[in-house]
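Listed below, chain by chain, are the residues.
2 protein chains.
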Amino acid sequence: MSVYLHDIPLDEAQARIERALAEAGLDGVLGEETIPLDETAGGRTLAHPVWARISSPHYNAAAMDGFAVSARDTAGASPAAEVRLALGERCAYVDTGDPLPDWADAVVPIEETEPKYPDPAGPHDPRRPAAIAIRAALAPWKHVRAMGEDMVATELVLPQGHVLRPVDLGACAGSGQTSLTVARRPMVALLPTGSELKPVGAPVGVGDIIEYNSIVLASQVSGWGGAPRRYPVSPDELPVLKAAVAAAAREADLVLLLSGSSAGAEDFSAQVISALGELLFHGVAVRPGHPVIFGMVRAGDRNVPIVGVPGYPVSAALTGEIFIEPLLSRWLGRRPFEPQTLEVEMSRKITSPPGDDDYVRVVIGRVGDRTLAAPISRGAGVISSLVRADGIVVAPRGIQGLSAGERVPARLYRSPDEIARTILATGSHDVALDLAAQHLASSGRRLVSANVGSLGGLLALRRGEAHLAGSHLIDPESGEYNLPYVRRYLPETPVVILAFAGREQGLLVQPGNPKGFVGLEDLLRKDVVYVNRQRGAGTRVLLDHELAKTGLAPDMIAGYDQEEFTHLGVAAAVASGRADCGLGIPAAAQAVGLDFVPLFQERYDLIVPKAHYNSDLLAPLVALLQDPQFQTAVSGLPGYDVRRMGTVVAEAG
Amino acid sequence: MSVYLHDIPLDEAQARIERALAEAGLDGVLGEETIPLDETAGGRTLAHPVWARISSPHYNAAAMDGFAVSARDTAGASPAAEVRLALGERCAYVDTGDPLPDWADAVVPIEETEPKYPDPAGPHDPRRPAAIAIRAALAPWKHVRAMGEDMVATELVLPQGHVLRPVDLGACAGSGQTSLTVARRPMVALLPTGSELKPVGAPVGVGDIIEYNSIVLASQVSGWGGAPRRYPVSPDELPVLKAAVAAAAREADLVLLLSGSSAGAEDFSAQVISALGELLFHGVAVRPGHPVIFGMVRAGDRNVPIVGVPGYPVSAALTGEIFIEPLLSRWLGRRPFEPQTLEVEMSRKITSPPGDDDYVRVVIGRVGDRTLAAPISRGAGVISSLVRADGIVVAPRGIQGLSAGERVPARLYRSPDEIARTILATGSHDVALDLAAQHLASSGRRLVSANVGSLGGLLALRRGEAHLAGSHLIDPESGEYNLPYVRRYLPETPVVILAFAGREQGLLVQPGNPKGFVGLEDLLRKDVVYVNRQRGAGTRVLLDHELAKTGLAPDMIAGYDQEEFTHLGVAAAVASGRADCGLGIPAAAQAVGLDFVPLFQERYDLIVPKAHYNSDLLAPLVALLQDPQFQTAVSGLPGYDVRRMGTVVAEAG
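Going down the list, the sequences are from chains A and B. According to the working numbering, the first sequence is numbered sequentially starting from 172. According to the working numbering, the second sequence is numbered sequentially starting from 172.
These are calculated hints, taken from the structure and not from any lab test. Treat the hints with care, since some could be wrong.
Identical copies carry no separate label here, and so any pair may be met within one copy or between two of them.
Straight line, CA to CA, 25 Å or less: simulated PhoX-like cross-link-like pairs of lysine-lysine [stated by the list, open to error]: (1) Lys697 / Lys313; (2) Lys313 / Lys287; (3) Lys313 / Lys520; (4) Lys413 / Lys369; (5) Lys686 / Lys287.
With the sequences and hints as input, model every part of the structure.
And the structure:
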């Protein structure tokens, strides 16, 4: 049974953590250790300032290969007046880096000298002539690296709390350090709990969940400077769990109790924490991720902080960013990690619960001179949404979301350069477009598709929110593809209609077609449940067009209102038994092992505003469509016809 | 003897590397390996795309704790009309994540049900009532995580060449992967050469150089995904070096031959490469770092690329960034690392040799609404300049530098946030100001000092290039400190003169004061060489003022023209024997173990434009100066008087 004690605001949660850490004496660096000064020190945090022990250079050194001299001996040398210096007590060869003799205060570079040999026919070692002639006077300390030029003994080399970069290691070594005192890595125990969880590699049956939050959080912890240790999955049994937490707490500075996705597991977490110590909060007003738990458990004479991490993977990963990273930074004595931010314009409205800080995953792209952020799936269970996200936008507590056009800072998961190289595709989903995305990676373009259906794509282009839209809209009156829609919805935007592929459409059915589907009329059968595409999808328009042609009424089809947003979504619905069939493309059937009943042939084009068609950004895509190798790859997909791929079908606007 | 074959342009060097790699079949991923899917996979690069092996979820799962039902059984339920469902074949309790029974297509959350128990006095398990009553009808698939909601089997999870982040590991695991095929880490051998090089920890005598380039480059290589291996220092002996390179090449994918700073070592490098294979270039028109060498050596049946890395530490680190990182990225099959960039305005002119790409280290700060970049020391031997640098600005080949006010992109070494938190101090150098920088770190401010002398500081404030200037300028006429100069040089800028410290000034002399210095008149002695501060430095103004008072002529002082830019620079000059004495503060004498002859008392103030004095940025500094703990720390430095610290001495402008 799910009983959240109370969802408290994020700042209140952070304040409670602060207080508890201060009371336990855990609000600073946990400890320090002295490590060798070598490449393994990179990334560690200095526990103390580093002061130079010796100067660098630690002696006056020649900065060039040449001859050490006393500057006053060169007085009078000029292009017109040679000065000759005999090698010996007042002139000696030095290599770069060599110490300067006591009597010397300058170096004449060898290329600015003329060597004089006693025997012009004898051996000529330019480092050991009898004398040198020079034609320019030197100022004292010319071509000399003075002692302390780089660092003077006792000077501050690096401050406390500094995270060591490669060059810092060089500066430390150059200033005479032979070891470094750094903050000890906090040991973080990761304890997954939930009888339904199976470790990676174990056989997975229906009802089992692959346990990977411990891997995600261990990788986060390791990147943030902690030492993660993953424990085996604990079943939802109170005594077992209590023993496991107690054992982990004895070894760790922080215990992360990773609940399975069932609320039951969370209750066990809260109970275990209460039993072994003190539960400080259960529930934070943050979305996704609100069932976060925080407490302190006793381990011998220590109090060990423990965080109950929610089971949904997006919640778990964000719990890491919001709660665990600042904690580790504090224990390492450094400033919390600051994500790069970029001001973005919301392309769509977001509605958020006013009581929560809502962390919205977004895809970001530059279209013309606007940097647009489009929200992506908000399900806490959809880890692929975090993988696809270019950043996070926070709709703060106290407001009801963000409006379209609002400008807000996004915390970036990708560099601004990567975002500038992103082609935003919208409209209809197509499997071969995913293949194009693969191929474009090598030319430095990221092709990101928002699947809003063909019609939705044209509307997005009208709002200037994408670089191109995939479309396969048949006009019921003319039977013509796309152009009539472009004229209707984009009357004022000059666009190019670029042929992508001819595609087969048909019914995705169970393997072996057990219900014997032959045509659309089968959808009206009593024993048949259909899965549809969303309104505005080309496939939906095609279905309606074909139904109208044959006089079949949509409201006689069971499941007509059951909508999916992609071909693969339809395929998954059929594969899982949620429906008996759905209209779609054969590649989607093949993807999940379904059979396919071909019915229609259609045209899938790319609608590209001319402003983007001729841009550097899209050039590699236009070239790719004309690349025979890519065309061959696409024609290998079932039901694809690439004969017109890459040709301009029409221009409009 | 230094013989550079020819300095070729950077793009030509890169083209030669390309060609040589292509000929050797080394222009792509070196190899792949299959590794376990756990946290250690973070940071590795995918050698192949990852496609989903199973859907996620791989079954239709309850998204809430509640009762699995068939949506059609809930038809008619409304606030006014309760529908009652008996637990059994068409209604069953499910936890979040549980698979949905075949007959169910929706979940009623437990909190939206009213449990009905046969015996109201009997045991009440809300998961096992006899029936539930509901007051809202459900749509099919409500509160169900449909199979494939996250990922559908065969869908692309991650593209080839992707560098794995923590969430990516989760997505891979969730899509059924149990291991990952990633690019093998290129093995990079680092071989320092030069008889003058001593490893960290070895005793260091005059003429010895601490070898740390191998540590810096190993740390770089490791951060860029390679596997570094450091070899012991090889002496400058051709046969030894040849054997060492041959041995390293047999084990490595890339050999880095790290020359000592002497040009002799570089010649050995070139000779060794020619002897063991082919020398492809020696010298690239890049500053600093131009004596880069590239070649291919034979190792068994393989050709192994070898880079001769220049010995100066700044050159060595930049060689890593310019040449080694792109090579490793190519071998890992990923795009080269893209540093974050920021548009900056040059605060000073830079003159560069027109034939070179000049990599200029800069300090960056925001003053008002300008993001200013000030060039710092350009010596290739000064690694502390790389440590202090906020970024790099490139003055490209073909032009003669960058002009003041020019806007150029800077490659950042620090985040823009860190730069926004930077207080740019200019003017006179002071040891206690360095201490303030230490203390400010904890309040998130970085205090960066440019040492341009007191007068230079006032001029920098006039140009709007800094937030404050340290100044100790005595007015010869009135004997008053700072205010007369502020009135003269900043007539139109409202400023606050904030007392920092009273300081002692005197002569820095050899330990024991062997030359028996007593006062300024000793500077005129024939056996004395003086080291001066630069024009515009407060200490120089003080010297000139005191000389004038006593009627001594500067041109009678040997070394009057020998200029240093900081107190520590003067101290180092005396310590190294370049001079017998210099005027400065006792803290500098103490720093390098010199003795101090006190002569004068002076006032060191901070000149702060009012626009900055009241800013959030400077608030922690203003507070720090009034903090008794900090004042005590400063008064612990020799010769400091903190009685007026933090008080406003005057306002002007």
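Hints and how they fare:
Within a single copy, Lys697 and Lys313 get their C-alpha atoms only as close as 98 Å, which misses the 25 Å cut-off; across copies the closest is 23 Å, which meets it. Taking the shortest Cα distances, Lys313 and Lys287 sit within 25 Å of each other inside one copy (23 Å), while across copies they are farther apart (97 Å). Taking identical chains as interchangeable, the C-alpha atoms of Lys313 and Lys520 lie at most 25 Å apart only when they sit on different chains, with a minimum of 23 Å there against 66 Å within one chain. Within a single copy, Lys413 and Lys369 get their C-alpha atoms as close as 20 Å, which meets the 25 Å cut-off; across copies the closest is 55 Å, which misses it.
In the homo-oligomer, the alpha carbons of Lys686 and Lys287 never lie at most 25 Å apart, since the shortest distance is 104 Å inside one protomer and 41 Å across protomers.
Violated hint: 5 only; the structure is consistent with all others.
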